[in-house]
Amino acid sequence: MLILFIFSGCNKWLNVIPQTQVPQSVMFSNEQGFKDALIGVYTQMGGASIYGTNTTFGLADQLAGNYDNIYTSSGSLYQVSLYNFTDATIKANIANIWDSMYNCISSLNNILAQIDSKKAIFSGNNYNLVKGEALGLRALLHFDVLRMFGQQPAPYGDTTQKTIPYVTSFGITQTPFSSFGTVINDCITDLNAAKQLLQVQQTINTSNATDPFLTFTQNHLNYWAVQGLMARIYLYNGDKTNASINALAVINAGIFPFIQKSQITLYTDRTFSVEQLFSLYIYNLGTLQTSSFENSVSTNFTYQSTAYTNSVYESSSTDYRFLFCYGIYNSLRVPAKFWQDNPAIADGNTFSRIIPIIRLSEMYYIAAETAADPVTGVGYLNTVRINRGLTALATTITANTLQNEIMKEYRKEFVQEGQLYFYYKRNNINLNAVTNNPNTVPVGALPYIFPLPDNEVQFRH
Amino acid sequence: MAQSITINVKNVPLESVFPVIEKQSGFYFTYTKEQLRGTKPITVDLKNASLKEVLDNCFKDQPVGYELLDKSIIIKAAKKQLASAVITPALITIKGSVIDNEDNMALLGATIAIKGMNKGAMAGSDGTFELRNLPPATIIVISYTGYAPQTFKAESWVQNTAVKLVRTERKLNEVSISTGYYKRPIENFTGAGTSVTGDQLRKINTLNVFDAMKIFDPSLRIPDNTVMGSDPNSMPKIEIRGTNNFPQTGTSAQVVPTTGGAVPSGADFTSSYINNPNEPLFIMDGFQVSLQQVYDLDINRIERFTILKDAAATAVYGSRAANGVIVIETKQPLPGKLRVSYSGNLQVTLPDLTSYNLLDATGKLQLEKNAGLYNSPNTALNLQLQEIYNKRLYGIKEGINTYWLSKPLQVGSGQHHTVALEGGDQSIRYALNLSYNNLKGVMIGSDRNTYSVDVNLSYHKKNLTFKNVTGFSFNNANNSPYGSFAQYAAAIPYYRTNDTTGHLLKVLDQVSYGSAGATFYNPMYNATINTKNYSLYTNIVNNSIIDWSLGRGFRLTGRFSITKQTDEADQFNPPDATQFIGQTNFALKGQFNKSWSSFTSFEGGVQLDYNRKIGKSQFFSSTGTSIAQQTSDATGISVTGFASNNMNLISLGNAYTANTVPSASENVVRRASFFSNFNYSYDNRYQADISVSTDGSSQFGSNNRFAPFWATGLAWNAHKEKIFSHLKNVITQLRFRASIGETGTQNFPPYLSDQSFSYSTTQQYRGQLAANLLGYGNPNLQWQQTLHKNIGTDIVLFKSRLSAKADYYIDHTNNLIVDVTTVPSVGFGSYKDNLGSMQNTGLEITVNYFVIQNKRKSVYWSVFVNGLHNTNKILQISNALKQVNALNNTGTQTAPTLLYQEGKSVNSIWAVKSLGIDPSSGQELFQTANGGKTFTWNAADKVIVGDGIPKWTGNFGSNLIVKGFTFGLFFNYQYHGQLYNQTLANKVENVTMTLSSLNQNLDARVLTDRWQKPGDKAFFKGILNVDGTLNTTITNATSRFLMRDDFINCASSSFTYLLPATIQKKFRVQNARIGLLMNNIFRIGTVLAERSTNYPFAENVSFNISASF
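Respectively, the protein sequence lines represent chains B and G.
The first sequence begins at 0 in numbering that gives the first Met the number 0 and counts up by one.
The second sequence begins at 0 in numbering that gives the first Met the number 0 and counts up by one.
None of these hints come from the bench; they were simulated from the model.
Ideal Cβ positions, reconstructed from N, Cα and C, are used throughout, including at glycine.
Wrong hints could be hidden among the right ones.
With a Cα cut of at most 20 Å, we get these calculated EDC-like pairs of lysine to aspartate or glutamate [unchecked claim]:
| id | chain 1 | residue 1 | chain 2 | residue 2 |
| --- | --- | --- | --- | --- |
| 1 | G | Lys881 | B | Asp453 |
| 2 | G | Lys390 | G | Asp569 |
| 3 | G | Lys22 | G | Asp99 |
| 4 | G | Lys593 | G | Asp569 |
| 5 | G | Lys22 | G | Asp125 |
| 6 | B | Lys11 | G | Glu602 |
Across the chosen pairs, the derived CB separations fall in these ranges [claimed, not checked]:
| id | chain 1 | residue 1 | chain 2 | residue 2 | range |
| --- | --- | --- | --- | --- | --- |
| 7 | B | Ala112 | G | Pro707 | 24 to 34 Å |
| 8 | B | Ala112 | G | Trp709 | 36 to 46 Å |
| 9 | B | Asn68 | G | Ala885 | 51 to 61 Å |
| 10 | G | Thr760 | B | Ala371 | 37 to 47 Å |
| 11 | B | Pro175 | G | Phe1018 | 43 to 53 Å |
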């Protein structure tokens, strides 16, 4: 009895709490700890290895052929233009993407493993928000891993083949690989659960509130972002019906307006912030963009030739994206979505610190692509065109031309956002046909499937 | 025996004649001070009288009488008082203690037998005993192996007498061994340990306690510090019985955050273990201390130290024991009148530059010319180069040939003084120890000063003893402003240090040729401009012990210790320093780095001891518990922009160094231990030891908070068997020991097992701060376990002339904490787990022989040799270490890199096998993995070419005592060792031969022993290829530079002289001795290599004087 008492007393005494770190038991003893841990995942996602560079304006856009100074053999990105994924630098970079994505997922799983037993410590809607956002992010991250490392969707890829693990537990236990279809199903399951939880908060808050966690809803994976993501995933999987339902739900809700020309110029809002369903806030985005686009070492920064820009924007001089989203650096045309050069704007301006992940225009593109007939489809596309300073297309359009016009819009709209490469992958586009790449680009699945990191293969049992 | 005693005293106290009588008669007085109260002064004048005559004279008319019993003169009440007491003979209880008459050491395990009965008592760890209910006429006999027994009568027993037994055999081993928590008679102890007295230690080396310690036990290994040499401020790396750990590879998320300038306190043993995971546990007076505390301990305070090696000896330390334990006991005050002792030491430290073999000015320039540095096919450039050459040649002709090595060096002269006061009586004893130790290094400005005060009080009353020791020390360690010695080994001899007017140069030379150029700085310059680099600490320790003798062999001890140390380290590089040349921004000139740290430790415990003798059975047992907490923190900051060299306060800087924040580290470690040891001996012939312990530590994972450990040992004193009784003159001792047990180590960073978050201060998310998970905290993380097996024997032959001790051990370490690589999809790259195991097998032998043992003439000459053969084998490694291997096995390697392979030694030296230098081309020929020949070095061809651990290491020496003179000669040796001669490879072959980068001096062999023309059989590659172009091939790890490293080092040669009694008497001093000690004065080795880079090795000569008054 006495010994038992001594041992249990000792156990408590032997549990030392470090000062430089916060032990998990303390972290998850209150609501703020859960919020901070979730915010930790958002900041991790903003790292250069993933959304802070690689999966947006870095590797993903390089692979989409958006920069045409990478094709010469003397450049540091030459191997990228050859889609040589076995090159040591690219291989390490790709392994880094995988590691970082799953690192974020493990942090989410850690939160999700703890949150249900601590439900009582939450106030207001916060339990729903933290858990819903965590589930939604888990789906978002897995879906992006699938888009990079997975097969192409049907009919181009084999969707029954084992492709990536969908990890839902925290710990050192390895999760087996799932097929393309299973991953999509798991994403949808998580997103449905997230939607259920997040429906308590459907309004968008753009100002400061007493609880900072409840402000700037667009920088959280909110209720509408979940639906937008579902539309994207359904379309990727070829499920047009469900894609349409979700895209239209966002459009019809009317929560997100199109940006006005004056709004863009007023604060140099090059990412069209009002249209964003979900964007990541990246505190050091300025530094990240500078190292890629305003670097004094010419081989380290990427630009577009005038010829390429003109081909993308069809030589239009009224397209807002052509007018406002480019800058000149070293007399070269540089994509400038994340470039804040307005001298009136202080460094702290948020427009230079957000990277869009899901935006309203994509909902219209999805609605156009999944519409019952080309006439309805072109209507959705024209809404975007008019709001970008372009003229409407004729409604007498064939299905094929419509699809081609949608692709043109992806090329214009998503410069520096990484989505174009995944559009190409989904539709198995021959990259030599759409880029300025003079090198021979492999055709088919090869340029679209990232190799698994060595450690993932070597240490799997 | 008829004594003839001569005595002549006039009107002196009775007590004062006792020593005179004792000395001449060989009888000892037994009495207490109280008894002598009221005695009258006496006047006696007798020549060659008998003892009885003398005593009768002395005790005439005194209130007390005497009685002779065996060799004792027992003082008792005068007859008339006695008579009244005899009427009713009540049963009595006697209490007392048994000690050695020479060194006053408690004789643990001494037998107090009742004559005619198979019953008695045994002296406990402090020598005390108690016998109850004795009839007054009982005769008691006090005896101990190797000592003359003494007999007493119970009724005349004086309570609390300390019986001094006289040694009859020459001292061989210590009579008891202390494990820090308990003591056992050496004859009962089944473990492997070595115990050495402070006096023995001080005869070897008074400057460095660890250098002295290693002479006595070959298993204690302190490899040469190949970077810091004999720097007095660098702590040694110590290991006992080999390497038990992989070098730290850990980089998973959780490591101790010691970034930047924050230096953990020197008293913080947890941090110290992270630097050397093989470091043994240090226990001083029952409490854990750091390596630094032992290093700075005043050597004169050491009573004895004990090295405990196997499981039976160390198991009570549980999770801290696997690397072995070093137990240090400090001197305790002895009763008596106030005595003052002084010990002084003057030391001279000389640099040892014998391992340097550098080019002189002419040679250096010749080498550069041979390498074609002053020629160019471009005419204009050629002219410029020739001009540089001519200028340098002119300088040499002028007589410039600077011997840079001696520039930063000095003959250091340090001193060490200790004054000790002690005294007291049976109830209160006190001691005060004052010490100043000034250790001088051989680099100018490098020294270490320790000031300490210790107060030791003990109070005895009835069954209670209370002891308290308070120590205060202050330490100031200065590093040389001359910086690293490597700069002077690299400095170029054809440059002068001072300009022609005698001023020290800041820039030695500035050359420009074509579009290139180079500037050479004077490394001595920084020493002249107020450069500072020092550290300070203040340490306060208080240890309290309460000891309660419960009777019937039981004893309860409580102890409590508190330690507090604060440290400070300052480093100031003035704005004028050479490193700021070319810096135009005043705010970036000059830098001050400062670090503060503190350490607090509490440790407390209670233990119950029992010892009893029943018939032929002896029992000892100790059961206890202890708890401890250590708190350590450190902060460091860096400031730049100082206006002047003299503005050396950190507050005078311009701003914090750009992009730095204060660095900090923090750790709290808690431990709770329970231990029990039981020892049984039958008839002094058979012994058994059992220990169990349980440790709880905050460093273990939450699922494994408590760790159990155990050990058991058996011993057999064969010489006590009847069959050997007729060989008594040949075999004095023949003893066999065997032990097995499991102990642990927890030498890994705290918080390793915690899953935790850290907040980022550089990121925010729209006004919200982010907490990031720091990887996977393994809740199952455990202590490392070592299974120790040990068998040993102790043999003493020919009336103690020859003694030998041998131990064979197998230490099998399991559950080594290593990084385990995971599949990245689990979310983190690696985590810490208990994987990996390693085995050390070894043999230790010590032989001691008395060549001369002449008691009559007081001449003793003994020689000894000891040695250790240890082999290491990796049994299992983790996948992360395999990845480290793969990484270490690619690219070029100018030094051998560590590779870990199961079945091989952790100290293996991996290199490509060399077939020598091809005489026709001057290129090195290698052997490929499949036996072919190639000129191309390939990492994949690497094989094990040697092992960093020698086959045998140890010590030998001789000790000669002639009357008061003692001569000692002690050597360290290493046999069949191997060394990759890195400095030679770097200073002969791996040299970039261009005018701007060839700014360092090289080994002289670069000029003489290198291949020059086809047909040369050379050891080194050519400077030029056959076609006359510069040979730029890098020399990667090759067996060519692996050298046999055997040596004999004269660790100590000593001479001491004990002043004759007559002189001592004349000056009224005791134990007055003078001594001369020379440490590391010569070394004979098979390899010529620069043994250390940043600080040279040193030789020491010290002169000692000590006496008590």
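Now for the hints, and whether the structure bears them out:
| no. | hint | in the structure |
| --- | --- | --- |
| 1 | G:Lys881 x B:Asp453 | holds, 14 Å |
| 2 | G:Lys390 x G:Asp569 | violated, 42 Å |
| 3 | G:Lys22 x G:Asp99 | holds, 16 Å |
| 4 | G:Lys593 x G:Asp569 | holds, 5 Å |
| 5 | G:Lys22 x G:Asp125 | violated, 27 Å |
| 6 | B:Lys11 x G:Glu602 | holds, 18 Å |
| 7 | B:Ala112 x G:Pro707: 24 to 34 Å | holds, 31 Å |
| 8 | B:Ala112 x G:Trp709: 36 to 46 Å | holds, 38 Å |
| 9 | B:Asn68 x G:Ala885: 51 to 61 Å | violated, 36 Å |
| 10 | G:Thr760 x B:Ala371: 37 to 47 Å | violated, 54 Å |
| 11 | B:Pro175 x G:Phe1018: 43 to 53 Å | violated, 59 Å |
Of the hints listed earlier, those the structure fails to meet are numbers 2, 5, 9, 10, 11, in rising order.
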